[in-house]
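Peer 1: With the hints as your guide, set chain B onto chain A.
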Amino acid sequence: MIRYLRWYIFYSLNLKQMHDLLPFLPESINNVLSSIPYFMPEIYLAILFVVVLVTDLLFGRDAIKLCRIIACAGILLVIHRDYQQFDLLLFTAEPNGHFFFTQMLLLTPVAINFKFIIDVLAFILLLYFAWDDKLNAHPKGLSDLYSIIIGSVFGLHFMTMAANLLSVYLAIEMVSIASYLMVAYRSESASSTEAGLKYVLFGAASSAIMLFGISLLYGFSGSLGLYSGNLVIGLAQVNPLAVSFALVLVLIGIGFKLSFVPIHFWVPDVYQGASTPVTAWLSTLPKIAAFALLINFLRPFIFYNNWTAFDFRFYLAIIGIITMIAGNFAAVLQKNIKRMLAYSSIGHTGFALMAIVTFTPTGLSALTYYLAAYGLANIGALALATYFANVAGAEDLDAYKGLGLKYPAASVCFVIVLVSLTGIPVTAGFTGKLFVFSAVYSFYQQNHNALLLLLMITGALTTVVSLFYYIKIPLNLFLKRSDTVANPFVKSYYIIALAICISIVLVLLGIFPGLIMGKI
Amino acid sequence: MALLATLIQLGLSVWIYCNFKTGAAFGGINHEGQFQFVQKLPWINLDLGAMGKMQIDYFVGLDGISISLLVMTSFVLVIAALASWEIKSNLKGFFVLFLILDMAVTGVFCSLDFFLFYIFYELMLLPLYFLIGMWGGARREYAAIKFFLYTLFGSVFMLLVMVGLYLCVKDPVTGNHTFNMVQMMNPANYQLGSVFSVLSHQTIFGMSARAVGFVVLFIAFAIKVPVVPLHTWLPDAHVEAPTPVSIILAGILLKVGGYGIIRVCLSIFPDIASADAYWLGLLGVISILYGALNALAQKDLKRMIAYSSVSHMGFVLLGIASQTAEGISGAVMQMVSHGFLSTMLFFLAGVIYNRVHDRGINHFRGLAIIMPQYTAFMIIAFFASLGLPGFSAFIGEAFSLLGAFKSHSVNGLLPYWMAACGSAGILLGAAYFLWTMQRMFFGRVNLKGGAVWQTALTDLNLREKITLVPLALIVLILGLMPSLVFAKINDSVLALVHFLQFKS
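For the protein sequence lines, the chains are A and B, in the order given. Just so we're aligned, residue 1 is where the first sequence starts under the working numbering, counting upward by one. Just so we're aligned, residue 521 is where the second sequence starts under the working numbering, counting upward by one.
I should point out that these hints are in silico values taken from the structure, not numbers from a laboratory. Fair warning: there could be bad hints in the mix.
Think about it this way: if two alpha-carbon atoms lie no more than 30 Å apart in a straight line, the pair counts; the simulated DSSO-like pairs of lysine-lysine are [stated by the list, open to error]: (1) K608(B) to K926(B); (2) K401(A) to K608(B); (3) K401(A) to K985(B); (4) K968(B) to K335(A); (5) K819(B) to K480(A); (6) K406(A) to K968(B); (7) K491(A) to K819(B); (8) K480(A) to K612(B); (9) K480(A) to K401(A); (10) K480(A) to K608(B); (11) K406(A) to K666(B); (12) K612(B) to K406(A); (13) K480(A) to K666(B); (14) K198(A) to K406(A); (15) K491(A) to K608(B); (16) K140(A) to K491(A); (17) K406(A) to K480(A); (18) K134(A) to K401(A); (19) K401(A) to K612(B); (20) K491(A) to K335(A); (21) K968(B) to K819(B).
Pulled out of the complex, with its shape left as it was, chain A reads as follows (with noise of 0.2 Å):
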């Protein structure tokens, strides 16, 4: 509540300034519309928004499957348009990015990347959304929440550009308010609730602590763009202590959507607890976003050369070794299959930091390489997890024990999204693996920093761990005997259908890495 009076009082401010601004205005306006072009996605996903909610008012509950077409039509115009976005950093010859909306947004070669990655997950999870016998069950109905992914996308799109503080912080939220949509939308008992709740609280405090961190950082450099004004160089001028302290507080927020430790604890209980192909969604979006929120944020320090009050490479380097120990070694312990895997996404949160820790251009393409593969691997291994609970109701690993031979196609799907989880050849997890090994070391090369070895060593020893517990999937499918009376057998193409085409592209990927890694 108080943070939205903050908000009115500074709009009413602007209001009674206004008549002393409007010599600028025309200036404003062109400025405006010459950045609709860069725009364009993010429009698209505006009107796709309003179509699918307006869709979904009049025609109501008989709407679902129309809201389902126009949502997945509309991703696949708006991934059309990302496409067209790199034709025009070309064309005005911006290899670097381009500033839009008084500098608010920014519009990087990365930033295409990761949005093109991000609608294409989208898409996928769009049509997976409804193959969820339980999440389908919903008396409402999903067509609600198709808007509600429409509408995150939207957010995404912001993180993937945000430029200025207050720009990262709307982004965020925006992001925020439709995942506790998400995570609440259907609670099918006590702990699931329970784990809306806790989403809501945690996020809520890890957004206010923020919030309270960009306003630090503002009022220690009266600045709030990343890029334009002089907030770094303002902020290299305060006690670095101070800095840290508000960098920190930043970073948390940042870090509530990256899960990385320590404030990974909200994770395993949100992840179990919400519908599973919400923890997909969940597990992959965001998280991706929030990495390339986290580049667009770090950019401006790490480049600017009298930086020295917080090393940021440093932190994250430990915060990455940290993050990779304690999610993987905490996924051994798990005997549910959503819990198990969202400790592993935790893990995989510490690997990538890997990444960005060089933040070299080779490391930053690593980066999003891995991110991709990953997030393809986890929405097929969580799409597979609910493939087996609506065939066999099998929600624990005990639950698994003999399915492989029954479910042939299923189940070998599910080990090669596993072996590619786990990174090992030939898959793309693999390929992601040794892209990001390759930056780290070249980075090694030039400084010589034993903390990057370290972080290698880390990621080495982690894979091993990681395969001891993935590995129990194949383990109970395959090899251990089901001990309990056969159920009947259920059919359920569509699932199957999907697993196969992203295990094929995950090889495909593995064996040609080209295919994606040569165009970021």
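Peer 2: Same frame as chain A, now just chain B:
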């Protein structure tokens, strides 16, 4: 079908073997032009901007060392396919995995691009995990996961070193970083000041970077070989695996380790290999003696054979460590010979297990009376394995030891006592093989299962004979005419030894 596929493969490899040219001009090792049957296709070419291009080739080719192992591999695979008749459940799955594994091992022996090598190396793991885990014995889950974790542990660190090497080495022609192993062997291709460069003497955690790289790679391969103390996965995996998989494990997989040490550790880090030869030799001797002593103590036939593998692979390491022409030839010969012999031994153990589902050595007595043909083959296999002159193992062990003895006077790498201890290993080998034979085959018929077993224990059938006769013949032929192997590997071995001396 799988049998047909492996037969075709055998035919192809024999054709390659016959067409394999010998002579000093075809030494291979560190000269790209001297490899044969080379196929080099650009595979992954990524433009990474500031870092230059990433160059990964589909680059396969053969030299003397790989050709001998390749022929052995394809032969063993045929035997393994024949042994697969005992598999009754889920045949489709079994043979799919079997052929993936087949592709992977063949790929490992052929690839000359480190990236490709690594891909094939890792690709072996997953099929093996399922082969052991799904068709194995009682403790199969434990054995399968232990095997998988052990090997992956070695290979993820190998990945780190591989990436490091990649970033240090530049292709002199294109100027890109490359995974080409042949170019990694040339110190001139290393970028100045890079981590693994010979000249720059970089350190990692206070140790020489090249030494660290060598040790990491060596551990990865030593797990595969396996070298004591990294061998503990082997008895479990071998015992729990079904017969065809045991055959592949012992016959081929262990050789991947030995081959890796020669091709990667020795060739890319020759300076460290010379400096650390003493330790390699020591590990070899420990493996020989420890494996043999353990084999003596085993009550399970398959476990006994598994430990004898540890012991025999110790000779390979000893021979490699000597870095003499004799030692390395002996090591390769020992690998080939052990490939055939362990295949034969595991197949024979499988025969008896199939009949009565028991392998306890002291559960059988006087088998010679009820299964005379079986006993005959077992005697051939045992005597060949313990190094009776006239069989292939004798040549392998003798040359390895000869190399170890000679090493002291030629390059001073290994002291005499190592060779002496190695010889003691042969003696121990004779002890456990003969003792097992005496316990199981001779004396009065006395079976744990009584009359039921006696009827179940029928003598060999036609399929088993078809499998065993060629194996026995090959072992004998290789013992009488070792030139079949030596002629092919000689040039490569000489080139390698010359390369090692030149570098160290």
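Peer 1: Take the hints in turn and mark each one as holding or not.
Peer 2: Going down the list of hints, with the structure as the test:
1. K608(B) to K926(B): violated, 51 Å
2. K401(A) to K608(B): holds, 21 Å
3. K401(A) to K985(B): violated, 39 Å
4. K968(B) to K335(A): Roughly 42 Å separates the two Cα atoms, so the pair is violated.
5. K819(B) to K480(A): holds, 28 Å
6. K406(A) to K968(B): Cα-Cα ~38 Å, so violated.
7. K491(A) to K819(B): Not satisfied, since the Cα-Cα distance of roughly 49 Å exceeds 30 Å.
8. K480(A) to K612(B): Distance ~19 Å between K480(A) and K612(B) Cα, so the pair holds.
9. K480(A) to K401(A): Holds: K480(A) and K401(A) sit about 5 Å apart, inside 30 Å.
10. K480(A) to K608(B): holds, 17 Å
11. K406(A) to K666(B): Answer holds: K406(A) to K666(B) is near 26 Å, not above 30 Å.
12. K612(B) to K406(A): holds, 14 Å
13. K480(A) to K666(B): holds, 16 Å
14. K198(A) to K406(A): Violated, at roughly 38 Å.
15. K491(A) to K608(B): Holds - the C-alpha atoms of K608(B) and K491(A) are around 28 Å apart, at most 30 Å.
16. K140(A) to K491(A): Given that 30 Å is the threshold and the Cα spacing comes to 25 Å, the pair holds.
17. K406(A) to K480(A): holds, 13 Å
18. K134(A) to K401(A): holds, 22 Å
19. K401(A) to K612(B): With a Cα-Cα distance of about 20 Å, the restraint between K401(A) and K612(B) holds, given a limit of 30 Å.
20. K491(A) to K335(A): The given pair, whose Cα atoms are some 26 Å apart, holds under the 30 Å limit.
21. K968(B) to K819(B): holds, 14 Å
In this structure, the earlier hints numbered 1, 3, 4, 6, 7 and 14 are contradicted, and the remaining ones agree with it.
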